[in-house]
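Between the sequences and the hints, there should be enough to build the whole structure, so can you do that?
There are 2 protein chains.
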Amino acid sequence: MSRARHITVDGNEAVALVAHRCNEVIAIYPITPASPMGEHADLWSAQGRPNLWGTVPDVVEMQSEGGAAGAMHGALQAGALTTSFTASQGLLLKIPNMYKIAGELTPFVLHVAARTLATHALSIFGDHSDVMAARQCGFAMLCAGSVQEAHDMAMVAQAATYRTRVPFLHFFDGFRTSHEVQKIEVIPDEVMRHLLPDELLREHRDRALDPDRPVIRGTAQNPDTFFQAREAANIYYDRCAAEVEAVFEDFGNKTGRRYRTFDWVGHPEAERAIVLMGSGAEAAHVAVEDMVSAGERVGLVKVRLFRPFDGAALLAALPPSVRRIAVLDRTKEPGSIGEPLYQDVLTAVAEAAQAGRSPFAAAPVVVGGRYGLSSKEFTPGMVAGVFDELAAERPRPHFTVGIVDDVTHLSVPWQEVDEETDGVRAIFWGLGADGTVGANKNSIKIIGEGTDLHAQGYFVYDSKKSGAVTVSHLRFGPQPIRATCLVRNAGFVACHQWSFLDKYDVLEHAAPGAVFLVNSPYGPGEVWDRLPREVQQAVVDKGLRLWTIDAVTVAREAGMGNRINTVMQTCFFAISGVLPREEAIAAIKDSIKKTYGRRGEEVVRRNFKAVDAALDHLHEVAHPGAVTTDRGRPPLIAEESPDFLKRVTAVMPRQQGRSLPVSAFDRRDLALSSTRWKRRIALGVPVWSRTCASSATSAPSCARTRRSAHPGLRPAALDSGARENFL
Amino acid sequence: MSRARHITVDGNEAVALVAHRCNEVIAIYPITPASPMGEHADLWSAQGRPNLWGTVPDVVEMQSEGGAAGAMHGALQAGALTTSFTASQGLLLKIPNMYKIAGELTPFVLHVAARTLATHALSIFGDHSDVMAARQCGFAMLCAGSVQEAHDMAMVAQAATYRTRVPFLHFFDGFRTSHEVQKIEVIPDEVMRHLLPDELLREHRDRALDPDRPVIRGTAQNPDTFFQAREAANIYYDRCAAEVEAVFEDFGNKTGRRYRTFDWVGHPEAERAIVLMGSGAEAAHVAVEDMVSAGERVGLVKVRLFRPFDGAALLAALPPSVRRIAVLDRTKEPGSIGEPLYQDVLTAVAEAAQAGRSPFAAAPVVVGGRYGLSSKEFTPGMVAGVFDELAAERPRPHFTVGIVDDVTHLSVPWQEVDEETDGVRAIFWGLGADGTVGANKNSIKIIGEGTDLHAQGYFVYDSKKSGAVTVSHLRFGPQPIRATCLVRNAGFVACHQWSFLDKYDVLEHAAPGAVFLVNSPYGPGEVWDRLPREVQQAVVDKGLRLWTIDAVTVAREAGMGNRINTVMQTCFFAISGVLPREEAIAAIKDSIKKTYGRRGEEVVRRNFKAVDAALDHLHEVAHPGAVTTDRGRPPLIAEESPDFLKRVTAVMPRQQGRSLPVSAFDRRDLALSSTRWKRRIALGVPVWSRTCASSATSAPSCARTRRSAHPGLRPAALDSGARENFL
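Protein chains in written order, with the numbering used here: chain A, 1 to 727; chain B, 728 to 1454.
Take the hints with a grain of salt, since some may be wrong.
So, partial list: chain A residues that the calculated Cβ filter (under 8 angstroms) puts toward chain B [said to hold, decoys possible]: (1) V365; (2) D462; (3) V469; (4) V552; (5) R658; (6) W677.
Listed next, the stretches of chain B that the computed footprint assigns to chain A, with coverage defined by at least 3 CB atoms under 8 angstroms from CB atoms of chain A [stated by the list, open to error]: (7) 810-823; (8) 857-863; (9) 991-1003; (10) 1072-1083; (11) 1152-1162; (12) 1338-1345; (13) 1372-1386.
Examples of chain B residues lying across from chain A (beta carbon under 10 angstroms, computed) [to be verified]: (14) I851; (15) N949; (16) E958; (17) P1061; (18) T1127; (19) V1187; (20) P1251; (21) R1358; (22) V1389.
Just so you know, the hints here were simulated from the structure itself, not pulled from any lab data.
For every residue, glycine included, the Cβ atom is placed at its ideal position computed from N, Cα and C.
Okay, here's the thing in structure tokens:
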């Protein structure tokens, strides 16, 4: 087994590292959340970084994902080792070429940071609706559930595609995996070379269209022969799952990381099981371990190879004692009798029973649930809720989990459970582009690469991007971190923007006795009285330790303007004790040199100054232990606002949209004209003033428009209810 | 019930008639086999033909199917009654917008002439791979199996979409239904108006984006709310199937044509059942009626509403006595555990059993089969083959039918059965664009609209289009014609091109005692000896009556150049006796006036002359009743050709490609360099001569190229093995 090297990267980088190393042509077009894979590859090629065979991959950005698909297909026909990255609608535009690439049995890997498809609304976040829209193309589909797995499955897909001639779609959850930072073990070059034997690559080369070996491919076929030719592909698919198992075996022998097409986690005599794939399987892993420790006979199957779907391997993974199975799909297909993974599992169980090959003591009940659409939180508590449902006398055949469905009543109830693992859990409230995320990524690298601790960072971006709230969720600890969900009981909560205290419940997920660090324009003597009543109450109720720093002043005095990130990072290390203080300071400075060295001595010096000054300005606040103010958080909208605004629209800007039940959305459109109900922000109300160019034909609509127009009042602020689409 | 009006049209026109009548905006982009729908609509609007409300629909041709999808979506958001037509890759390009149209719950109908998606090869022909690629979008999917049904379902979809707000994809089989000509009953305007009540259309109008009623729609949503909002659509889908049933009921009351979401045909106590949708269900209908008459307890379910899939309605349609179910899918999804309709039926059966609601006396075995890919023939004989498989002790869980799979051995055996219905069955061998198809469509109209007989025409085009063989298959008879397959035992076979006798087995499907009419350059005394041995043998073996005419001379003498279609049509009527001869001649002349009247008196006169002369030149040939020649059909390729050419490549140009088994395609590419094996046609062999523009970098590949180049020999004929892609 090769000596392991560790790095701390997000899922996109973990995948790009493999893709860039194993290919010659990389055809790209950016789409959130897959773009960073292409950006990394582009940068590395621009820097002249070679692939495994010493040549620098050609990274070609096309005019659209459709163009990238054409470029891929063309490069493959020329015999190039080819890959691409995409997501969501970008994947949809590749589907026509994917049918052909698969039909022509072409080795190829497409990496997908799985993202929601736009339906009633666009979403940049993650679920499996995009990859499920491509499941019928004839691609093998391999799923990763964590950053390490994304790195590993990227490689397994590369190896398996040349062994099978079946193209592979490798996918992992958009944002939850693509943007989660974790410490991972890198696959050494010699293992990659071993998994890509020259003779297989030469076979691919030999299939290239070449005037010296003239063949015709991609013809038009007629009813006489098309069907027969299509069936001639069966043998390639029939042996694909076994080949993937063989690659897993080989990979495990070389790296020590062992996977199966379906992996079982849980009690060997489990009675209740869930089946799912992607990052949700990690949250379920946590829940199952807890429940098994508590004596429950439960378990889960992590689906790794979704296509070809090997029903026999799935059944072999499940203990024969299983009597109830909940299959969880991270997609929704309205009008279907059930979501795809559910139907596949049900089919595998039914086919085995029909064939008299059922491994189960008694025919299990199979039910299906939807979870996690558009990166909806999926937690161990929800997994327990699903197991509770399975324990019911008659489990619902179809359900949802993670929301409250007060309309069609499909949602199962659940209770959140606190994490009880060793280690640090921290939440940082920052403003998009204020440097908080960068500093946190830095902290993870310091801890992940400088210690034996495991490290995880996840960043809750708003799709409004820069200027919006960004909340960082960090975990450090001695055990591998599988909690693919937000931090719920944080021992450390930092609020980098004072104004957030008036808007958001920043202490909602502070654990009892946690540290609360606030960047405040007020001194340690004054800060308590300046906190809104709700914040004081939480500090008191939870027995929090309050720390404060005027980071803006520290940064400014160090010559760094408004860049408070280094200051706040220093405070985190100083208070949290995750590293010894001196060691932490040295590591921060080291990292500053690496990050800013190129920008010159002066920038580095200013950062050092900020670090040193931070500790002098950091104060623990002794507070009275009781609420001392009447001043509550100001309302976002006027009391007399219409019901829908109060009940729905105004909840979301508070970062409490997750509490809205399904019935909140029975009006499918959001009402406008809400600006006038907004509190003290808008200086004017924007109106649409149409210039009537022609008279005769447009007169009626002009008249209609004028009726509601107030010329002269200029647009002031954008209505926060009217959220912008810019993706 | 309204008084019925009959017309004789193909499926595309039958659908376009409804679509143009019921809409205001028709966004189109042409793709085979859906193009004629857009062409009809465009023509009718250009002619000023109004819709039901007296306005002429706007027909807008966009730059691609993606553009048409955007135009559709935009028009819908503006409140217009909107429709479109597409197929195959064109449908794929519409999928991104379809998710949004469905997500926004927008009434809309998309008509799809279902066509094969390009995989290992392109195909312009029909199967369900395209619509299955859109099954997850959230559209309702309604399937028609015949020209009449396509007309009817187009209307039912229009009615149901406004009742449910769920958009509908209405599909019917490309070519088999889109291009089959049948006599159908037209839905009267008053029925259409009744099915589209003003209040529902007004509701659609009221949901238009309008500055006077400002709402926001199509926003970006984040993890907080997307999932809940997505589940808010459930109630619309939950009631959709029942609403479609209500429309069927209403439609049936008005027209007398009754449909259900799942229709049962067969023995009320059937033990074996098949489930399928589309035109194949008509062939199955024929087989089931025959088998039930013969005392077999069999039946079939015609699936009309595929999405939302109403499992309870499916089970209600099946007799409780059913013990074996074969679900037939007209698509292939490599790597799936089963094709989609199969998995849906299996899920419905399993869910009912789990819930204790199974209607069956004993749990039925459900198996799945693929058929009819790329318009592969699907015949009553194949249906019987499937029922035989169901009667086996252990039916194969997955099978194919209609091909010989000698590799993965999935194909079930079948035997063709001859049709035994009353009426005329005729086959016409013509050259693409020689007028044969036009004349045959004409004959169908004459019979369909001038008599009480039912009439059907199907035309086997080669994708090489003009200049290639086109075989017309016509049926006339007193009963409705459900045989959605080629004519097998024709009472009349005409060969319009003498040279075909040397190439094709034109008499393969002549019934014993049939008429064989050949257009011959030889007189009645000479023609027999000029026939190749194989043709003489068939005439003798089957006891055929041989007729001949020198149609080219007749046409030329009538001043019509090479246009022999009117001459051959006249001969058909004269010999077949489907109408009394005088009546037929009058009808042909009447139809000539309608068709050519615009081109002037002279053209009509020439055609009349050809008709009159035809009868004078038509002769029955008294033949010796024994083979009199040694001259066989000349071989297509040299005896010493490579095995693959003889075994595979050369079979297809004989119109015998259907006989090739799966193993013929284990080499996925077709070998080139076949021209030199061709018989006596090519005057030279094309070679690729590459001009070496730059020296340094391209030298190695130039050298490689020159090795095989023979400069100076100019391209002569295209290799017939190198079939052109022009679609």
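Do the hints match the structure? See the list:
1. V365: Holds. Min distance 5 angstroms.
2. D462: Hint on A/D462: holds, closest Cβ of chain B at ~7 angstroms, below 8 angstroms.
3. V469: violated (11 angstroms)
4. V552: violated (28 angstroms)
5. R658: holds (5 angstroms)
6. W677: violated (14 angstroms)
7. 810-823: Coverage by chain A holds for the segment 810-823 of chain B (5 residues, Cβ < 8 angstroms).
8. 857-863: This one holds; 4 residues, not fewer than the three required, reach chain A with a Cβ under 8 angstroms.
9. 991-1003: violated (count 0)
10. 1072-1083: holds (count 8)
11. 1152-1162: violated (count 0)
12. 1338-1345: Coverage by chain A is violated here, the residue count being 0 at a Cβ distance below 8 angstroms.
13. 1372-1386: The restraint on the segment 1372-1386 of chain B holds, since 5 of its residues have a Cβ under 8 angstroms from chain A and three suffice.
14. I851: At 7 angstroms from the nearest chain A Cβ, B/I851 passes the 10 angstroms test, so the hint holds.
15. N949: holds (6 angstroms)
16. E958: Since the shortest Cβ distance to chain A is 5 angstroms, the answer is holds.
17. P1061: Hint on B/P1061: holds, closest Cβ of chain A at ~4 angstroms, below 10 angstroms.
18. T1127: holds (6 angstroms)
19. V1187: holds (8 angstroms)
20. P1251: Where the cut-off is 10 angstroms and the nearest Cβ of chain A is about 35 angstroms from B/P1251, the hint is violated.
21. R1358: The hint is violated - B/R1358 has no Cβ within 10 angstroms of chain A, the shortest such distance being about 27 angstroms.
22. V1389: holds (5 angstroms)
Checked against the numbered hints listed earlier, the structure breaks hints 3, 4, 6, 9, 11, 12, 20 and 21; every other hint is satisfied.
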